[in-house]
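Colleague: Sequence:
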Amino acid sequence: MNNSAYIDLFESIRQTVADVSLDDFSDASAHGKLAQFQFWGAVHNTPLAPAWDNLNNWKTTASDPAMPRSMRELAYRDIKYKIDEILGNLRSGTMSVPRRRIDSVVVNKIADPKIRKICNEINATPDGNVISLLQLIGEALKWSLWYKAKQNHTQLHENGSLQ
Numbered sequence: 301m302n303n304s305a306y307i308d309l310f311e312s313i314r315q316t317v318a319d320v321s322l323d324d325f326s327d328a329s330a331h332g333k334l335a336q337f338q339f340w341g342a343v344h345n346t347p348l349a350p351a352w353d354n355l356n357n358w359k360t361t362a363s364d365p366a367m368p369r370s371m372r373e374l375a376y377r378d379i380k381y382k383i384d385e386i387l388g389n390l391r392s393g394t395m396s397v398p399r400r401r402i403d404s405v406v407v408n409k410i411a412d413p414k415i416r417k418i419c420n421e422i423n424a425t426p427d428g429n430v431i432s433l434l435q436l437i438g439e440a441l442k443w444s445l446w447y448k449a450k451q452n453h454t455q456l457h458e459n460g461s462l463q
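Per my numbering: the sequence shown = residues 301 to 463.
Some clues are possibly wrong.
[As the list claims (entries may be wrong)] In the PhoX-like style, the derived pairs of lysine-lysine whose C-alpha atoms are separated by at most 20 Å in a straight line are: (1) K409 x K448; (2) K414 x K380; (3) K442 x K409; (4) K382 x K414.
[To be verified] Quick list of the computed label-pair ranges, beta carbon to beta carbon: (5) T360 x K414: 32 to 38 Å; (6) A318 x S392: 16 to 22 Å; (7) I415 x S370: 42 to 48 Å; (8) S392 x M371: 19 to 25 Å.
Simulated from the structure, these hints should not be mistaken for lab results.
Glycine included, C-beta positions come from ideal geometry on N, C-alpha and C.
Generate coordinates for the entire structure from the input sequences, incorporating the hints supplied.
Modeller: Spelled out as structure tokens, the structure:
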């Protein structure tokens with residue numbers, strides 16, 4: 301399978317999630333209408349194999365009405381983000397690189413609306429679209445957030461994420 305075939309595959313998944321609300325997505329899953337997520341055979345033994353695990357787990361969480369609404373919404377956002385990240389990487393020819401995000405609990409505790417907005421934009425930007433300046437801003441914010449997190453009794457984990 302060449303890159304354009306993978307791009308087509310993930311574009312079809314993107315279209316599925318872009319056009320529907322979380323509730324419609326859950327209904328489609330309950331009625332077996334999310335065939336686009338059954339792509340294990342296409343990505344098995346490729347660098348995209350871990351993406352299937354993530355997307356499948358997030359699909360299960362997002363479509364499970366027994367899960368708390370906030371977890372379902374987070375999983376649905378993660379699906380959209382991961383698809384955009386994969387498409388960006390496929391188009392640029394790069395491999396997927398793990399990305400650290402600023403935890404929403406930390407972002408919500410930031411009093412300054414400008415800094416909170418920048419953090420949300422950093423979190424929402426697919427890796428393929430992040431420019432060097434934004435990366436530098438993110439690194440500067442990381443240390444500012446670390447300081448704020450300490451004031452709010454939040455921790456900076458070993459992997460660099462704030463929670």
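Colleague: Which hint numbers doesn't this structure obey?
Modeller: 2, 4, 7, 8
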